[in-house]
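Participant: These protein sequences, in sequence, are chains D and B.
Position 143, counted from 1, in the first sequence is what my numbering calls 143; the numbers after and before it change by one each time, with no gaps.
Position 11, counted from 1, in the second sequence is what my numbering calls 11; the numbers after and before it change by one each time, with no gaps.
Hints in this document: simulated from the structure, not taken from any laboratory.
Any given hint could turn out to be false.
Copies of the same chain look alike in the list, so a pair counts if it fits in one copy or across any two.
[Said to hold, decoys possible] Dumping the calculated DSS-like pairs for lysine-lysine here, alpha-carbon to alpha-carbon at most 27 Å:
hint: 1; residue 1: Lys201; residue 2: Lys154
hint: 2; residue 1: Lys415; residue 2: Lys337
hint: 3; residue 1: Lys189; residue 2: Lys208
hint: 4; residue 1: Lys208; residue 2: Lys154
hint: 5; residue 1: Lys189; residue 2: Lys389
hint: 6; residue 1: Lys201; residue 2: Lys411
hint: 7; residue 1: Lys460; residue 2: Lys415
hint: 8; residue 1: Lys117; residue 2: Lys61
hint: 9; residue 1: Lys337; residue 2: Lys189
hint: 10; residue 1: Lys411; residue 2: Lys460
hint: 11; residue 1: Lys189; residue 2: Lys117
hint: 12; residue 1: Lys154; residue 2: Lys389
Protein chains: 2
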Amino acid sequence: MEFSELIRTGQAQAELLRGPEMPPLRGTLCVTGHHLLLSPGPQATPDLWLLLLRSVDSIEKRVAGDAGTITLRCKDLRVLQLDIEGVEATLDIARSIEALSSLESVITSFPFFYRPKGLRLGEAWHFHPPERYYKRIAREVLLRSSQPLTGPQKLRCAADEELLRAVLAEARPGARGFIVDTRSAQAAKQARMTGGGTEAKAAYPGWKRLHRPLERGRPLQESFVRLMEACGDPEQSMDRWLSRLDGCRWLSHVKEALSTACLAAQGMEWEGACILVHGAEGTDSTLLVTSLAQLILDPLSRTMAGFQELIEREWIQAGHPFQLRCAHSAFSHTRSKHEAPIFLLFLDCVWQLGRQFPLSLEFGEGMLLALFDHSYASPFGTFLCNSEKERCLCEVRTRTHSLWSGLNQPKEQRKLRNPLYVPNPLAIWPSVEPQSLRLWQGLFLRWTHPPEPSEVAWEKVWQIATDQKTEGSQPTDSASEPQP
Amino acid sequence: MEFSELIRTGQAQAELLRGPEMPPLRGTLCVTGHHLLLSPGPQATPDLWLLLLRSVDSIEKRVAGDAGTITLRCKDLRVLQLDIEGVEATLDIARSIEALSSLESVITSFPFFYRPKGLRLGEAWHFHPPERYYKRIAREVLLRSSQPLTGPQKLRCAADEELLRAVLAEARPGARGFIVDTRSAQAAKQARMTGGGTEAKAAYPGWKRLHRPLERGRPLQESFVRLMEACGDPEQSMDRWLSRLDGCRWLSHVKEALSTACLAAQGMEWEGACILVHGAEGTDSTLLVTSLAQLILDPLSRTMAGFQELIEREWIQAGHPFQLRCAHSAFSHTRSKHEAPIFLLFLDCVWQLGRQFPLSLEFGEGMLLALFDHSYASPFGTFLCNSEKERCLCEVRTRTHSLWSGLNQPKEQRKLRNPLYVPNPLAIWPSVEPQSLRLWQGLFLRWTHPPEPSEVAWEKVWQIATDQKTEGSQPTDSASEPQP
Chain D
1 MEFSELIRTG QAQAELLRGP EMPPLRGTLC VTGHHLLLSP GPQATPDLWL LLLRSVDSIE
61 KRVAGDAGTI TLRCKDLRVL QLDIEGVEAT LDIARSIEAL SSLESVITSF PFFYRPKGLR
121 LGEAWHFHPP ERYYKRIARE VLLRSSQPLT GPQKLRCAAD EELLRAVLAE ARPGARGFIV
181 DTRSAQAAKQ ARMTGGGTEA KAAYPGWKRL HRPLERGRPL QESFVRLMEA CGDPEQSMDR
241 WLSRLDGCRW LSHVKEALST ACLAAQGMEW EGACILVHGA EGTDSTLLVT SLAQLILDPL
301 SRTMAGFQEL IEREWIQAGH PFQLRCAHSA FSHTRSKHEA PIFLLFLDCV WQLGRQFPLS
361 LEFGEGMLLA LFDHSYASPF GTFLCNSEKE RCLCEVRTRT HSLWSGLNQP KEQRKLRNPL
421 YVPNPLAIWP SVEPQSLRLW QGLFLRWTHP PEPSEVAWEK VWQIATDQKT EGSQPTDSAS
481 EPQP
Chain B
1 MEFSELIRTG QAQAELLRGP EMPPLRGTLC VTGHHLLLSP GPQATPDLWL LLLRSVDSIE
61 KRVAGDAGTI TLRCKDLRVL QLDIEGVEAT LDIARSIEAL SSLESVITSF PFFYRPKGLR
121 LGEAWHFHPP ERYYKRIARE VLLRSSQPLT GPQKLRCAAD EELLRAVLAE ARPGARGFIV
181 DTRSAQAAKQ ARMTGGGTEA KAAYPGWKRL HRPLERGRPL QESFVRLMEA CGDPEQSMDR
241 WLSRLDGCRW LSHVKEALST ACLAAQGMEW EGACILVHGA EGTDSTLLVT SLAQLILDPL
301 SRTMAGFQEL IEREWIQAGH PFQLRCAHSA FSHTRSKHEA PIFLLFLDCV WQLGRQFPLS
361 LEFGEGMLLA LFDHSYASPF GTFLCNSEKE RCLCEVRTRT HSLWSGLNQP KEQRKLRNPL
421 YVPNPLAIWP SVEPQSLRLW QGLFLRWTHP PEPSEVAWEK VWQIATDQKT EGSQPTDSAS
481 EPQP
């Protein structure tokens with residue numbers, strides 16, 4: 001089907017309300033194959049407002065008299081209101097947005113058409129070969145897998161048993177292993193009924209199984225939805241806010257994820273043990289734990305390049321099904337059982353690390369916000385599809401631009417980097433006490449509670465840091481005067 | 001009574017535990033008239049550990065075998081543990097601390113003996129003449145008072161009525177006035193029984209009364225105590241923490257105080273109205289509201305000097321009874337009905353302002369922490385006594401040092417000032433939505449959850465800012481090279 005068949009209207013006059021702190025925009029509204037455009041006319045600044053249709057999470061329309069209102073709730077948690085002249089135009093535009101924002105085809109999605117100036121196709125897709133990483137950490141043994149397929153007959157897999165035996169033998173004499181199962185003991189046992197299961201103790205000598213159940217799937221998605229409902233609650237009492245924050249359990253999930261990552265990291269760092277992490281599929285909470293454990297232990301993963309490499313290796317190449325998990329964010333009324341904000345939970349945990357160790361991550365909050373936005377809707381191809389196999393089929397690497405090439409442009413750096421970064425060779429052990437964890441205001445309240453204070457402070461620190469370099473590079477006579 | 005009569009022991013060997021992040025200290029423990037000293041011997045660094053006895057909030061002693069343990073809970077919320085050799089020594093030291101930390105005499109308190117190098121007596125006591133301030137804000141009419149003494153007979157006071165009439169007449173033609181009563185309408189009415197009351201509408205034309213009840217006295221103290229119990233709760237679940245944080249209602253008090261200050265400030269700024277604030281005595285929540293309203297509106301009060309002036313004028317000279325209110329902090333078992341952390345609540349509200357406007361206050365969190373510490377126990381005389389009258393009787397201004405002279409020493413500045421400060425000529429309107437307010441971790445979790453992340457970041461920003469000045473002031477040839 002051609003895009004043009006889904007576009008039911010030409011254009012309409014509209015006013016766009018973008019939240020409490022932004023001035024409204026008036027102009028001509030128009031729907032294209034991938035975007036919603038508002039053109040405020042030749043004199044206005046900015047001259048064009050643009051929204052990727054893919055980033056629309058839910059649409060609500062209302063008409064009254066000869067005008068209508070469309071409310072768009074976006075995947076990046078923005079809420080936009082369009083007041084449109086003409087009832088017919090309103091309904092047509094709403095229908096066009098509905099149809100175009102929910103297209104399932106990957107190869108007609110915007111990344112396949114996006115050709116920004118200054119970037120070349122194919123760039124930055126291959127600059128993170130995992131081999132380099134494996135070589136570097138050859139004696140750091142952190143493994144991940146899916147569950148063993150023991151099933152109701154308690155099948156064994158000789159190759160799997162041999163592999164885990166070899167891991168311990170290679171590590172050092174007498175090395176122990178821990179299998180961190182991210183399901184409860186009961187859930188792991190039940191998984192046998194559907195062909196899964198756990199490692200039998202006798203079959204894996206030297207390995208000890210620990211169960212650290214992490215929430216995933218629908219309960220996690222529900223938690224996100226309820227958190228956003230609480231954030232948008234106009235009722236102003238402190239009691240109600242704290243009780244809703246408690247009720248949605250998001251911060252409990254953050255705490256559990258960080259605790260389990262600490263457990264894995266401590267096993268390696270303090271006991272010199274080999275760690276295998278798995279849940280059921282090995283593509284969700286498994287990745288959450290292994291990637292956080294690496295951030296805790298490995299200073300290189302805390303650099304800008306290392307963090308990109310980590311996400312590429314531990315999430316994208318490891319097969320986190322981004323397209324299924326991030327199909328909708330917190331606002332959509334259509335819910336698939338495959339949706340879950342597990343990558344968002346990872347980003348939140350990284351934010352907590354950055355808050356507790358403000359000098360130790362080379363990237364700042366802006367990087368985490370960008371990753372959240374792009375994982376749900378992006379002009380770049382990095383988070384497309386559900387696996388390497390699907391990406392190969394769609395030729396994502398040759399026909400779309402990599403997010404990393406977009407983010408690594410010099411003009412993007414100021415909002416992504418941490419101006420206070422100082423390389424820290426040590427492990428960073430986060431406090432997981434409930435008193436130490438915070439709601440990530442910069443994300444969950446980003447559009448409703450501006451200006452974000454830390455962002456303002458950040459900009460000022462950049463200014464100070466940049467002034468320093470500029471001053472330092474100019475040998476002026478007046479520089480011999482003490483500065484005011 | 002001489003101090004020496006209260007000191008029941010010479011010295012003892014002891015080990016001091018100062019919390020999870022600080023190494024223990026071993027050495028000789030000794031009690032003096034005003035201090036507890038631990039001398040770890042000539043080789044050790046630091047060579048002397050010292051605690052002002054006045055800062056002890058509660059003591060707990062335990063003996064077992066031939067040793068004992070004293071737990072000191074301090075007014076600055078620190079918890080210290082002393083493991084002491086000898087049962088008798090333990091009991092004697094505990095009794096000495098008990099007696100000396102609760103002395104009521106002002107003129108034998110430590111500020112009357114404290115003679116630090118580099119400071120001169122009498123300095124910095126008179127550098128905030130309120131006249132200068134009143135001249136500057138002559139057309140900004142914010143008044144505070146105690147309640148009118150109408151009593152059960154509904155007495156009127158001609159002078160009072162004339163004064164408020166004159167205020168409106170002087171302001172501008174048609175000016176309106178608002179009386180912000182920090183009690184509920186019912187509490188204000190009940191106050192008639194004890195000789196107080198409210199302004200009768202007919203007697204004060206042009207003035208409208210608004211009731212904004214703020215918690216004070218015992219409920220506020222209880223809230224502080226319960227907050228500290230929650231902060232010290234070793235139970236690690238997120239649910240329990242959030243429900244205890246909710247239950248103690250501290251953040252609700254912060255929200256109410258800031259909301260009422262915003263109301264007063266909005267009346268002045270947006271409606272050009274005259275504002276009179278009072279509760280009952282005019283020395284507690286009244287000061288909270290007027291001082292916060294000034295910080296919101298007046299850029300000069302947000303400078304280091306202006307903030308000191310504000311505290312001197314709106315709290316100390318206005319007669320906030322510091323000695324009664326700050327007799328104990330959150331740990332003491334002996335409770336007086338006069339104790340209440342109203343000044344702490346003010347500091348918390350200022351911290352919220354600073355968090356929401358990170359560039360607009362010249363002072364940083366360190367200044368607020370110092371004010372909290374010194375208001376409860378201090379070697380300086382600034383927060384001694386309950387009123388100007390008492391301070392004159394005790395000759396506080398000539399016989400003790402001013403806190404401001406202590407804080408304004410150059411060596412103190414780095415921990416007190418905000419390295420990001422940029423003068424902001426505008427009013428700063430805080431968001432008082434529950435989502436925007438935070439627990440002041442730097443204060444309430446200062447000793448139990450180190451290191452405080454923002455403190456680390458602060459130090460780094462100072463370093464960048466200082467490096468900038470140093471580099472700028474050295475004209476070197478190599479400075480023409482771009483800096484790495």
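Participant: My question is about lysine 201 and lysine 154: at a cut-off of 27 Å on alpha-carbon distance, are they close within one copy, between copies, both, or neither?
Facilitator: So lysine 201 and lysine 154 pass the 27 Å test inside one copy only (12 Å; across, 85 Å).
Participant: Can you give me the call for lysine 337 and lysine 189, within, between, both or neither, at a CA distance of at most 27 Å?
Facilitator: within (22 Å within a copy, 59 Å between copies)
Participant: Reference check for the pair lysine 415 and lysine 337, CA-CA at most 27 Å: within, between, both, or neither?
Facilitator: neither (35 Å within a copy, 52 Å between copies)
Participant: Between copies, within a copy, both or neither: which fits lysine 154 and lysine 389 at Cα up to 27 Å?
Facilitator: Result: close neither inside a copy nor across copies, 30 Å intra and 86 Å inter.
Participant: Using 27 Å as the alpha-carbon threshold, which applies to lysine 460 and lysine 415: within, between, both, or neither?
Facilitator: Result: close both inside a copy and across copies, 12 Å intra and 19 Å inter.
Participant: First find the shortest C-alpha distance between lysine 189 and lysine 208 inside one copy, then the shortest across copies, and answer within, between, both or neither for a cut-off of 27 Å.
Facilitator: So lysine 189 and lysine 208 pass the 27 Å test inside one copy only (16 Å; across, 70 Å).
Participant: Go through the copies and call it for lysine 208 and lysine 154: within, between, both or neither, with a Cα cutoff of 27 Å.
Facilitator: Within one copy only: 18 Å inside a chain, 80 Å across chains, cut-off 27 Å.
Participant: At most 27 Å between CA atoms: does that hold for lysine 117 and lysine 61 within a copy, between copies, both, or neither?
Facilitator: neither (36 Å within a copy, 73 Å between copies)
Participant: Given a CA cutoff of 27 Å, do lysine 189 and lysine 117 count as a within-copy pair, a between-copy pair, both, or neither?
Facilitator: neither (54 Å within a copy, 72 Å between copies)
Participant: Pop the pair lysine 189 and lysine 389 into one bin, within, between, both or neither, using alpha-carbon distances up to 27 Å.
Facilitator: This pair counts as neither: shortest intra-copy Cα distance 30 Å, inter-copy 76 Å.
Participant: Please sort lysine 201 with lysine 411 into within, between, both or neither, judging by C-alpha distance up to 27 Å.
Facilitator: Classified as neither: same-chain Cα gap 54 Å, cross-chain 62 Å, threshold 27 Å.
Participant: At 27 Å max between alpha carbons, let me know whether lysine 411 reaches lysine 460 within a copy, between copies, both or neither.
Facilitator: So lysine 411 and lysine 460 pass the 27 Å test inside a copy (17 Å) and across (24 Å) alike.
Against the hints set out earlier in the document, violations occur for numbers 2, 5, 6, 8, 11, 12.
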